[in-house]
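Protein chains in written order, with the numbering used here: chain A, 1 to 422; chain B, 1 to 346.
Hints are computed from structural coordinates only; laboratory data are not their basis. Hints may contain errors.
[As the list claims (entries may be wrong)] If you only want the chain B side, here are some residues facing chain A, beta carbon under 8 Å, derived: (1) 96; (2) 108; (3) 111; (4) 191.
From the three backbone atoms N, C-alpha and C, an ideal C-beta is built for every residue, glycine too.
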Amino acid sequence: MEKNQENISLVTADGTPLKISLARAQRRSKIIAFLMVFPLLLFITIAFIGPIADMLMLSVDNSIVKKILPKSAEALQKWDEYSGQLPDEEVFAAIVEEIKQAKASKQHTKIGSRFNYESSGFSSLFRKTGRKVKKIKSPPFKDGLIKADKRWGEIYTWQVIKQNSSNYTDGYYLAALDFKREFSSGNIKSLESKDSIYLKLFFRTILLSTLITFLTFVIGFPLSYMLSSVSTRISNILIIFVLLPFWTSLLVRTTSWIALLQQEGVINDFLLLVGFINEDGRLAMIHNATGTVVAMTHILLPFMVLPLFSVMKTIPKSYVRAAISLGAHPWKAFWKIYFPNTGPGIGAGSILVFILAIGYYITPALVGGSSGTFISNRIAYHISSSLNWGLGSAIGVILLGIVLLFFVLYHRIVGINNMKLG
Amino acid sequence: MILHDYDYEIYASLREEAQDKLKITYVTDRYGNYIPDIENITSAQEEWLLKKVEEARKIKVNVSSLPPYLSIPERIWHYTFWIICGAVLFFLIFPLLVIIPLSFNEVPFFTFTKKMLAFDPDGYSLQWYNDFFTSLNWQGAVRNSVFIAFFATIISTFLGTLASLGLSRPHMPYRTLIMSLLISPMIVPLIISAAGMFFFYSRIGLQGTHLGVILAHAALGTPFVVITVTATLTGFDNNLIRASQSLGAPPTTTFFKVIVPLITPGVISGALFAFVTSFDEVVVVLFVGSYKQRTIPWQMFSGIREQISPTILSAATLLILITIGMLTTLELLRRRTERLRGVTPS
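Next comes chain B alone, as it looks inside the complex (with noise of 0.2 Å):
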């Protein structure tokens, strides 16, 4: 056992215990402190007087972001600061927040009304749900909208990650260009993008299909695919591969033994966001498709714009709690990831 000279405060306050319970012996030390004698102690005693260490190291370093010797402006700031960052945080979550109750209202209002405000279950409804669930136009926008996100995923998954591949072998030429070249959907202002597609689809008569839409899409979620999997391939281990082949595997072992296993959560995260992109976006859709290519963004901005229902503040309920499914995968992904690199998440 080793003991450290910042807990004497500590071994202080454990004295009394020690002394008296577990006859462990304080000795002082040549600084003066009183320390417990760890050269004679017992492994009994050892245990405890670890167990309470830790304990006591916990509770201080709780305590101990307000260190004892700030002077009162100090500590009035310190308070100040963590008041204000509990603002932003609020400024942050707290519009996702309201929109969940307000989806149960019973009335056609984005308001609270007195019933909800008292509690009263009769001020709540799902009948906004139950017109979610049930109406045409938002049907067929979940509809449009998951078959669209998902072939233009697959296509952007496909060519996202079998492009990461080569972009992350050694010789490639002209990496930067064709990097900026690859990842320029995602910086073009989608409405440049919208306007560009606008023309270009229509000429090859694509404006107005799903098929328009889907490529459309795909264009804008690779760049979020080459990006994770370009990040995952960096911290790759050459080696590996290598290793691999001196041990007489033929290269489509190695790809699909060695490979494949370490950069499938890059590439799973990778078609997540070419996913989200696509799910999300709305400025493409309402240039590129029409009325039949609704995706459930394009109904909420044209219910926004046209006549405003709580059935929108359902669907937006609805994409909150999907996105927090999301947001899990991803971190298991990430925890995947490091923990198949060797190092331990944090």
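With the rest of the complex left out, here is chain A (with noise of 0.2 Å):
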């Protein structure tokens, strides 16, 4: 009863009850909020996660196969790649047909590569049958084309076909994490580890990574006690240092460990003046994985010290002040009561830097050498030299893979809400 009464007397001007009103005017304000942010999720989803599935899609994509031999793998379906037989004719017949069309519009070569990344050999075994399918002319195809390429004749070379016939594939994360699959069988093995590239590349990233960013700290941290415990005035000065090199351009930082590190550089030189060095000694330092890590370290150290320094700023100086007066050591002041009140900074200086280092592809580029690249590197490889953009794609989504882990947990710890700049 007082309910309804409720109801009755809370209307507004125009006699709808306020309830309604009320949510007929959060529901309009939610529109217009929406619609506010509906033209960039637009552009971004365009522009920016359009590519990003593209990649994703890359990664699995073997369409090719179906494309270019579409008759082949319908055949191929019904064999029994276990029995030791050889395909029959039918398959024979239809592949010889598609290899003479694939030539005709100089396919043929990209599905040989396509086979190729799989099983090293079909793309000579392509290209040869593609030269002589033309003399091919009458059946029976499958005498015709084993004369071709004896490699026809092999129960190897059609389990491969076979097996990688459908419109997906995962080819290539198997090859991004050093796997093999062995065709013969349908098994899949893991590389020996001196075949390995990409698990030591990966883990090689990793590693590095994690030393950049533990580096960081260990400079970082006293660097961000000090600027937090002088007064606004110099903080404000000494900031200066950290934030000139935040805002230089990347290019710049790496050009000058360049010209520091190098045979004839900056540092080898001052050595060598004061006699620490001698001409035969100068120190390699650059075009390896010291030249990575020193100037990545550089490179990073505002996004540890940034981060840092916020948290310190508001940590109260009478809780060091109260610990010792309460008999407590300066040192174990520090360590029981300063020390975990810095924990969320450290956390988001760590993982903001080791985000950002195990996805760098500039600096590794430019100073890594041979021993100090990253995995990016190898991505840019794939991508510009071996064309081969389906590996590429794979590695690319298991670092995008590691690198949300780590930005999940991130999140758990400053909220992307409370994300802020310099």
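Reconstruct the complex from the two isolated chains, following the hints.
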């Protein structure tokens, strides 16, 4: 009864109940808010999410086989690859016809290199067959094709084609994780460690990124502590030392490390001048892992100092003083009281530096040589040099997965809405 | 005038001068400390005393970083700590400073020659700056950098500000989800964004065009605009809008007269971030662009890879100067925001 009365009594000027009117107003507000966000959302979806999705697709895409060899792929479905027999004449007839067509549109090398990613030798097989396929005019196509290249007479060749004829493939991911599919049995085997490339590179990337994160922490912690303990007037001046490198172009900073570290560079010249080394003993500090670690520690240091500094500023100085006045040794007071309070800053800074380091490309490419390159350099290599886009994408997706994992962690510690810059 | 008990030392040190010159009487307080008799004091005496105490405090603050009760190991640690911090600051700034003299090199290497170290004017030359300002490669790079960064900034600032205004409204649905989508370009490693954009943009014919690079850079710049503008809006007092409305202002007036002036500093610093992001970016340009879209970082990257010439250092020096100018602007903007909000700048 009471409830009813309340409902009746609360109406707006035009007589609609307040509850409905409020809901309507809120809905309108929601729609307006969404309409304001929508243009950017659309733009990001097209200009950014689209490309990422495209890369995801490329890493599993295998539609080229069904596009160029549709009938052969269809006919191979009926063949039992473990029977020990070669496929039927029907399959040979289909593939001869399709290679002829592919040769006309110069597609046969493309399909050859696709299979070549799975098992080496297929590129030359398709190129050679493409040249000779014209001569195979009448059945039996089986004998004709085997005459063109005797590898068509091996069951293994057909096993590879059959097992890679669906529209999607996990082959790129297997390769990116150093696994190999044995087509004669269909089993997946990991490569021996001496042949391993990508796992080693992933491991090195993570190891060096961890080292860089640790170094930025060790160097950045005392600096942030100092900045937070001096007066604002002084810290405003000293923070310029952090902000100036932070805002300076990445290429500028990398260039300066080349000038400093190279064999004929400033540091070697200085060491020579003070007699620390002789002319033959110039240190090799660049084009190796040392170069990458030193340059990246310098480049990423501000990303550690800024979050640490902003957390340390908020820790009241009285905590440590209270601990000391209660009889704690200054070290103990620092370790038990001050240090735990800096936790969020350490977490945020470390994850930020680690996320940035793990995906770095420019600096390792310029100062890393062969022992200091990262997994991202391999991605770039596959995209612009080897043109194995599928493998490049697969490595990229794995790297993205690792980064997103750490970002979720960052979100837990800092929160997306509390992100600040500079 | 109020006397603070922690200033006893100062009063004591002032005692002689105060008593002799200004005839200020000193009394003993109940703790047995000599303090000026502030009950019976002329305004001239008070002024002098205040000034002296203020001066003394300043000196005391500077010295007080090292309290007198510290033991010797603590003092040693204190100085070690400052040396460590000094070394870190040196590590941060030295690589930037070392580039500047090297860019005036006379020889085409990244090293200090004997003449340079002896400050012989013959050891220095402006030839690399001359090269920078006359070479077609570098001038094209400067033009492209400015052109691309300018349009990318306009797109990302406009879309980003609009979205931030929407995101900061009280009834925004799925706020966290949308926010994480919008700032994803900042989180995804550049090499992955570059790879994806390379595939996607070549498919739709934007690879190797200025438009493609501008769109890519605009996407990379929006997170910075969104973050800075939403940060400005977090401290925004919604009562100001209500006040404006209750005083009869239509929504457009409220927007242009109340909201815009308050968020402008945030928008400008967001735009600055977006501009710098585009201006500094190299990975995406390497993949999405081609020689025609070469920017300054692109030119530096290929310069370092192919033939190292100190022209790169002169470009780097100019970029450092730009950075200093930009940092100053940001600092001025920050102070303005705080002043507008009624907070004293720190």
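Q: Any hints from earlier that this structure breaks? Give me their numbers in increasing order, please.
A: Going through the list in order, the structure violates hint 2 alone and respects the others.
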